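S.K.: Line by line, the protein sequences are chains A and B. Quick note on numbering: the first sequence equals residues 0 to 428 in numbering that gives the first Met the number 0. Quick note on numbering: the second sequence equals residues 0 to 460 in numbering that gives the first Met the number 0.
Derived by calculation from the structure, the hints in this document are not laboratory data. Since we're looking at a predicted model, the values are computed, not measured. Backbone N, C-alpha and C fix where the C-beta goes; we use that ideal spot for every residue, glycine too. There may be inaccurate statements among the hints.
[Claimed, not checked] So the derived list for chain A, only partly shown, Cβ under 7 Å to chain B, looks like this:
#	residue
1	Phe204
2	Ile214
3	Val217
4	Val221
5	Ser228
6	Ile395
7	Tyr401
8	Val402
9	Ala409
10	Leu411
The lines below spell out each chain.
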Amino acid sequence: MTSLDSTPLIAKLRSSTVASLPRSWKAPITLGIFAVICILLFIVFGRSGSTHFSFTAGQTGAFQLSLLTVPTRATGIAVTVIAVLMALVSIRFAYGKRKTPLWFVTIYAIVVLVGFLTWVSSGPQPLAVTGLLAGSLALATPLIFGALGGVVSERVGVVNVAIEGQLLAGAFVSAIVASVTQSLVLGVLSAMVAGLLVSSVLAAFSINYLVDQVIVGVVLNVLVLGLTSFFYSTTLTVNAALNTPPSFSPLAIPVLSLIPVIGPVLFNQTIIVYLMYLAIAGVFYALFFTRWGLRVRSVGEHPQAADTVGINVARTRLWTVSLAGAIAGLGGAYYTLGSGLGFTINLTNGDGFIALAAVIFGRWNPIRATLAALMFGFAENLQYVIGENSPIPSQILLMLPYVVTIFAVAGLVGQVRAPAASGRPYIKS
Amino acid sequence: MSDDKGTGSGGAADDASGGAGVSDQLEAGQAPIAAPLTAVDVDQIPEEQRAPEVDSSTSSSDSRFAEIARSIATGSGLLSILAVVIALVVGALLIIVTNPEVQTASTYFFGRPADTFAAMWHAVSGAYVSLFQGGVFDPTATSFAGQVAPILNSIGFATPLIAAGLGIALAFRAGLFNIGAQGQLLIGGMLGGWVGFGLPLPPVLHLIVAVLAAIAGGALWAFIVGFLKARTGAHEVIVTIMLNYVAVYLLAYLLTTPFLQAPGSNNPKSPDILPTAQFPNLLGTGFDLNLGIVLVVVATVFTWWLLGRSSLGFKFRAVGENPKAARVAGIDVPRIYIYVMVLSGALVGLASAYQVLGQGPGGITGGLDAGIGFNAITVALLGRSRPWGVFAAGILFGIFEAGGYRMQAAYGVNLNIVSVVQSVIVLFIAAPPLVRTIFRLPAPGSTRKSSRSTRKGLATN
Numbered sequence: 000m001t002s003l004d005s006t007p008l009i010a011k012l013r014s015s016t017v018a019s020l021p022r023s024w025k026a027p028i029t030l031g032i033f034a035v036i037c038i039l040l041f042i043v044f045g046r047s048g049s050t051h052f053s054f055t056a057g058q059t060g061a062f063q064l065s066l067l068t069v070p071t072r073a074t075g076i077a078v079t080v081i082a083v084l085m086a087l088v089s090i091r092f093a094y095g096k097r098k099t100p101l102w103f104v105t106i107y108a109i110v111v112l113v114g115f116l117t118w119v120s121s122g123p124q125p126l127a128v129t130g131l132l133a134g135s136l137a138l139a140t141p142l143i144f145g146a147l148g149g150v151v152s153e154r155v156g157v158v159n160v161a162i163e164g165q166l167l168a169g170a171f172v173s174a175i176v177a178s179v180t181q182s183l184v185l186g187v188l189s190a191m192v193a194g195l196l197v198s199s200v201l202a203a204f205s206i207n208y209l210v211d212q213v214i215v216g217v218v219l220n221v222l223v224l225g226l227t228s229f230f231y232s233t234t235l236t237v238n239a240a241l242n243t244p245p246s247f248s249p250l251a252i253p254v255l256s257l258i259p260v261i262g263p264v265l266f267n268q269t270i271i272v273y274l275m276y277l278a279i280a281g282v283f284y285a286l287f288f289t290r291w292g293l294r295v296r297s298v299g300e301h302p303q304a305a306d307t308v309g310i311n312v313a314r315t316r317l318w319t320v321s322l323a324g325a326i327a328g329l330g331g332a333y334y335t336l337g338s339g340l341g342f343t344i345n346l347t348n349g350d351g352f353i354a355l356a357a358v359i360f361g362r363w364n365p366i367r368a369t370l371a372a373l374m375f376g377f378a379e380n381l382q383y384v385i386g387e388n389s390p391i392p393s394q395i396l397l398m399l400p401y402v403v404t405i406f407a408v409a410g411l412v413g414q415v416r417a418p419a420a421s422g423r424p425y426i427k428s
Numbered sequence: 000m001s002d003d004k005g006t007g008s009g010g011a012a013d014d015a016s017g018g019a020g021v022s023d024q025l026e027a028g029q030a031p032i033a034a035p036l037t038a039v040d041v042d043q044i045p046e047e048q049r050a051p052e053v054d055s056s057t058s059s060s061d062s063r064f065a066e067i068a069r070s071i072a073t074g075s076g077l078l079s080i081l082a083v084v085i086a087l088v089v090g091a092l093l094i095i096v097t098n099p100e101v102q103t104a105s106t107y108f109f110g111r112p113a114d115t116f117a118a119m120w121h122a123v124s125g126a127y128v129s130l131f132q133g134g135v136f137d138p139t140a141t142s143f144a145g146q147v148a149p150i151l152n153s154i155g156f157a158t159p160l161i162a163a164g165l166g167i168a169l170a171f172r173a174g175l176f177n178i179g180a181q182g183q184l185l186i187g188g189m190l191g192g193w194v195g196f197g198l199p200l201p202p203v204l205h206l207i208v209a210v211l212a213a214i215a216g217g218a219l220w221a222f223i224v225g226f227l228k229a230r231t232g233a234h235e236v237i238v239t240i241m242l243n244y245v246a247v248y249l250l251a252y253l254l255t256t257p258f259l260q261a262p263g264s265n266n267p268k269s270p271d272i273l274p275t276a277q278f279p280n281l282l283g284t285g286f287d288l289n290l291g292i293v294l295v296v297v298a299t300v301f302t303w304w305l306l307g308r309s310s311l312g313f314k315f316r317a318v319g320e321n322p323k324a325a326r327v328a329g330i331d332v333p334r335i336y337i338y339v340m341v342l343s344g345a346l347v348g349l350a351s352a353y354q355v356l357g358q359g360p361g362g363i364t365g366g367l368d369a370g371i372g373f374n375a376i377t378v379a380l381l382g383r384s385r386p387w388g389v390f391a392a393g394i395l396f397g398i399f400e401a402g403g404y405r406m407q408a409a410y411g412v413n414l415n416i417v418s419v420v421q422s423v424i425v426l427f428i429a430a431p432p433l434v435r436t437i438f439r440l441p442a443p444g445s446t447r448k449s450s451r452s453t454r455k456g457l458a459t460n
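One chain only, chain B, in its complex shape:
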């Protein structure tokens, strides 16, 4: 969490010094979870709005502070928190409407309205407390391992979401819509899993080969898309959707053949993954955290470096912004499409490695993608296609998933509420003007523009 704090406030500072155009380029400015300080700073907005006009000539440090405070109020960090608040309110409404105790209490609402409100409060607070206890930290557990088990569990849910989300985000940055993560997950998981159960190798080597096979599987399935788009102009949306179905049925078929099916079994399921190919636990027994999160952090750093620091990533973004201009600038656009899809599929393949190798010896089943292919699109969008944004978004979604199960078990709140809350978050984070309107926040640029104009006016005087 301290990492999110750092990126959040860093983004705010960049915003203040460099203006909106620069902050768009910066990965750091897009972290959806911002500094916890911001809640305090909201109170200062009205003063600061007036401040620049009075202070700008007297003290530059004051005005800089004012701009920082103002940019926190208008920046993406606060807006992200407010979007989460809105989503939780929507979720609370759904809980209230469907809660049986609230329904019974509301039948005598006019007799004793307090009962209804008490039931509402009980339902919502109970559900959200169990969401927190199931997704972040459980103070009721007896041991430390039990107390931190929820956040480790959330990280487990987040790991494949982040990896696949990075892949989709990478494609987005190059202007491609990769809906095919489902298929890439299935093929990657199939190859990685096959190496995992059918190709015995020495301990460390086995794991490396299995992960690489999963990555190669995802990359291969995505390569088809990039290749067809580059060579024939076939629209990637159609091809990825079709390849999803092809992968689903291909895996379903292979799970009935000796190639994948466990010997002597009638179920469409592969043999168990060998222990040498499973992700090792990082913190020993009792703490459910394995190698997956390390690989995903590495993948996030790699994607960040690729997009922000490498010349290939620059070409990706150039093609994403304007393929025609990129072509005029001498970039081989079709080749870039192939590269992007291969790298995108490779990252999705990493997610599939976690699905088959990082969750015990379960082996390959037809449902190994577990809906991650489509959830990862939402994660990529929530992270605004910025690597660290995707990372934070994945963690947030992981917390909701893990907490959602606890909420369902403890309070009978249907798990589907999680996807409602998640989608409302993304919807509102994507629409900053709407959040500003709801909470009556200043628009970015409005105050800054006026302060600049006063400064300019003073200078000419």
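Extracted from the complex, chain A is given alone in its bound form:
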């Protein structure tokens, strides 16, 4: 009855909202700003000479590609022209009241990035593309694990600010366990248990005692940092045998690792990275295509409704948050067992917060969060690859990725919506 009455009203509302929908100028402005930057860098401050890209993979690449050499100034001009044209197209999108599509922005970003790399590494020293990608993946791996942990936890309605603590606990415990037992498997498992313990404290305080989740998360970070630093200073430095973990050696996947450029980067990796691929796919599938995932998301969006249909909200949250901690803890193992280096104070150095940013940037979606984490890894790795050719002071170069992220968040992502019940304790009435 009511639905029949309201249908035309809704249609009217809908048409009126479409008509009055404001033109969104955020994307064109952002793309325009970068186009101007392109003009300034590549043309006004354009560098002459040529840029060399090397694609040699090192040991396993079967298809050896030689150096790719491009003229710096001509490439810069070409990139600038494309960037300006694409910004104009984006203005056209805005006039037509259409959103600039994501693929469009992605292509734009890649083009500008290629232009930037060409400009910045102009000179005799070649830019090792494979090394750039491999290093990015290495730096992104713990971020991705952390971001997955964050996504899972927030989807069930518990804000996970404690990613940093989970990573750090995983790194610390796995280093000790692997050193003592000389077993990598036990090391990885213990890292997961450590992350799980940290997140179960988060779960216990926020679910049972209804403490503000942000408070618990922040405090857990401090607590884990304090505990690990304390035991490192008092125990590990005295007894070095406790802090010399073995490390995973890379494992080439037979056919896939022979693909040029990408193959050795993606498929000649340690077990932890392969576990990461599984974790990304697993979290994505489990969240969106299983009954468990539906329950998790319903608890995170509307716990009262979930409770009404018979889902135990507190128990679902407890187990899901624990799982999230285990995933993040696994990422912690990468710092120690992935590199073979021992634990040091504050080894994670704020990566957990970058992972948190990736969660929000990726709009609480495991795939998008992974891409965001990869982007941060790439940004962090730029400093190691771009060497003496660079005309920019290294500090400014290090700063750039974070500035770009702010632009991206403000200009392209904008308002994001967290899972509705995220951060709110559920009190059964």
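For this one, chain A is given, so just place chain B on it according to the hints.
M.R.: Chain B alone, transformed into the frame defined by chain A:
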């Protein structure tokens, strides 16, 4: 300390008269350090639990006393003390586990167990006594100045923590999570320090301009966050984290350029701050207490007035409680976000002024934030985002920091134990039900409810 006592007992009384809803609104009720009396009052709980049912009809003054005593037992003051006790116990465990004398004594534990316990007692008591002597009062010092030097030192540690904590607390009250205090400190310190060494002015004016520059720097860096959130909806957590990194690298870069770097130096360090821009000492030589604490008290009063008494602060809290409802009520929510972030950054900027102008002529270095940006989050949380709560929490953290150094020097207890103890305190203060369970205290409301129902029952009879 007398101030804490006053707020603590005042909060308890409010709790008793007005109920939990009112006490939440009151700043005073949240002081984490409560009256020292409370330890005595715990003994009275069992009687008082029974008391209302018997006495409520006979004498109203008795029942009021009972309610006051009960609310002390269940109120935040006692719980805060108990949380500190739990944290100190955790710290003691860590000291015992890592103490070498305890370890050697425990190797022959079954032969002479008393040795192990003696070593444990020696380790823990020695460490905590030196914590007290390093953070509060040192009776072993020869002069009065030496005896009170520890608490003045603690106040010095507390000053920037309180200022930055107030800023973060202000943002919390409006529902914003400002993790960007680090960046705001760096930018504020950079501008304030630049005025301090590079812009010679007459004595008093110089100091004022330098402090204002630091405040403006923090406010500017936070304004970016508020502006982007208001205009584009960019999430403040991402933007503040990113701006932290930007500030770190920006300062690192500028410290290698003539703008900030001391002439003729290769170190990333600025010239010394001119004497005219340094915070003057309040109590003369021998007492290490400068203007910073006065500014911070003023800032605390300002924040208290802003949040509790001004219409802008009311809007802040309304937006924090429910932005949608606030918008419906006619509040311009995006504008409020900008105001909140600017004021939050300004308070953090005050902390940065202390960092560069209040600690001698050291000048600007890349590490001028000294971890305060993140510690201040904990301080704000411990103070439950109430201005005076933040003040007390900052003092407590300052005592731990100052005492921690003494403890490390005197007893070889690693300084990191301080952050463990601090975080355990915050964790347990945030979870009153857990503390009640551990110490078997009555839950708030349980007895009160029953006494009300009996009263109601009597009235109907």
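S.K.: A separate judgement is required for each hint: does it hold in the structure or not?
M.R.: Going through the hints against the structure:
1. Phe204: holds, 5 Å
2. Ile214: Interface hint status for A:Ile214: holds (5 Å vs cutoff 7 Å).
3. Val217: The hint holds - A:Val217 has a Cβ within 7 Å of chain B, the shortest such distance being about 5 Å.
4. Val221: holds, 4 Å
5. Ser228: holds, 4 Å
6. Ile395: Check passed: Cβ of A:Ile395 comes within 6 Å of chain B, closer than 7 Å.
7. Tyr401: holds, 4 Å
8. Val402: holds, 6 Å
9. Ala409: holds, 4 Å
10. Leu411: At 9 Å from the nearest chain B Cβ, A:Leu411 fails the 7 Å test, so the hint is violated.
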